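Spelled out, the chains give:
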Amino acid sequence: EAGVAQSPRYKIIEKRQSVAFWCNPISGHATLYWYQQILGQGPKLLIQFQNNGVVDDSQLPKDRFSAERLKGVDSTLKIQPAKLEDSAVYLCASSYYRDTIRNTGELFFGEGSRLTVL
Amino acid sequence: AQKITQTQPGMFVQEKEAVTLDCTYDTSDPSYGLFWYKQPSSGEMIFLIYQGSYDQQNATEGRYSLNFQKARKSANLVISASQLGDSAMYFCAMREGLVRNTPLVFGKGTRLSVIA
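Here the protein sequences come in this chain order: A and B.
Residue numbering for the first sequence follows the working numbering, beginning at 1 and increasing consecutively.
Residue numbering for the second sequence follows the working numbering, beginning at 1 and increasing consecutively.
No wet-lab data here; the hints were simulated from the structure.
Bear in mind the structure is a predicted one, so any value in this text is a computation, not a measurement.
Ideal Cβ placement from N, Cα and C applies to all residues, glycine included.
A portion of the hints provided could be inaccurate.
[Unchecked claim] Computed far set for chain A versus chain B, every beta-carbon distance over 10 angstroms:
no. : residue
1   : Ala-2
2   : Pro-8
3   : Lys-44
4   : Leu-45
5   : Asp-56
6   : Glu-68
7   : Leu-70
8   : Val-89
9   : Ala-93
10  : Gly-105
11  : Glu-106
12  : Arg-114
[What the hints assert, rightly or not] Output of the computed footprint for chain A on chain B, the stretches with three or more beta carbons under 8 angstroms from beta carbons of chain A:
no. : segment
13  : 14 to 24
14  : 64 to 73
15  : 94 to 107
[To be verified] Here are the simulated PhoX-like cross-link-like pairs (lysine-lysine), alpha carbons at most 20 angstroms apart as the crow flies:
no. : chain 1 : residue 1 : chain 2 : residue 2
16  : A       : Lys-44    : B       : Lys-3
17  : B       : Lys-70    : A       : Lys-44
18  : B       : Lys-73    : B       : Lys-108
19  : A       : Lys-71    : A       : Lys-15
20  : A       : Lys-44    : A       : Lys-78
21  : A       : Lys-62    : A       : Lys-78
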């Protein structure tokens, strides 16, 4: 079974430029998450999708970040314009949504996209 | 308020020895799940072990076990017989409530270094 795919792995941009990250979750996983991981910290949720609908985007800085999940599969996270503090690893994760005792609901992560803003 | 606290920024362990990574959590919800993830230098977060708040026994997965002390709100990860490949960042995470797709909240992590 293929894992969560993310691209690009690395991106370096100047501040005020824009950048987009792409994520393809595990086949059949209805829930998709974007997390931001700043160096030395744990991942922090930016946005959660269930199929193609947004479940939680309360921590997404909407003045500069946007995300979409068209057709309930792939997702794109965009930053425009980028700030220095956006330098981080952007992790995409997916999970198999089933409310059963056996399903722990663990998240499956991609390798992340490392962004450096100069 | 910090929901997940990992007080050890870094730990060292000799190869083949056991090591305990600490995690305390804070929640008022009686239903929750606790997770441990490993993050090697490649960056991918790898799921290790899960403990549900109603589970009667401590979770075990191969060399990983979770020392769950509900009254103390702690969920320490124990790695037995450490290997060089265990060197990585380890994150404790929590999901509050029973809904399986509620996002996980992560701690700041502990960097484990295994010494030959």
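Here's how the hints hold up against the structure:
1. Ala-2: holds (13 angstroms)
2. Pro-8: holds (13 angstroms)
3. Lys-44: violated (7 angstroms)
4. Leu-45: violated (5 angstroms)
5. Asp-56: Check fails; 7 angstroms does not lie beyond 10 angstroms.
6. Glu-68: Glu-68 of chain A clear of chain B: closest Cβ-Cβ about 18 angstroms, beyond 10 angstroms.
7. Leu-70: holds (20 angstroms)
8. Val-89: violated (6 angstroms)
9. Ala-93: violated (7 angstroms)
10. Gly-105: violated (3 angstroms)
11. Glu-106: violated (4 angstroms)
12. Arg-114: violated (7 angstroms)
13. 14 to 24: As far as the segment 14 to 24 of chain B goes, the hint is violated, because 0 residues have Cβ atoms under 8 angstroms from chain A.
14. 64 to 73: Violated, because only 0 residues of the segment 64 to 73 of chain B bring their Cβ atoms closer than 8 angstroms to Cβ atoms of chain A.
15. 94 to 107: holds (count 11)
16. A:Lys-44 to B:Lys-3: With Cα atoms ~12 angstroms apart, Lys-44 of chain A and Lys-3 of chain B stay inside 20 angstroms; holds.
17. B:Lys-70 to A:Lys-44: At roughly 25 angstroms apart (the allowed maximum being 20 angstroms), Lys-44 of chain A and Lys-70 of chain B break the hint.
18. B:Lys-73 to B:Lys-108: With Cα atoms ~17 angstroms apart, Lys-73 of chain B and Lys-108 of chain B stay inside 20 angstroms; holds.
19. A:Lys-71 to A:Lys-15: violated (31 angstroms)
20. A:Lys-44 to A:Lys-78: Since the Cα atoms of Lys-44 of chain A and Lys-78 of chain A sit roughly 16 angstroms apart, the hinted pair holds (cutoff 20 angstroms).
21. A:Lys-62 to A:Lys-78: holds (10 angstroms)
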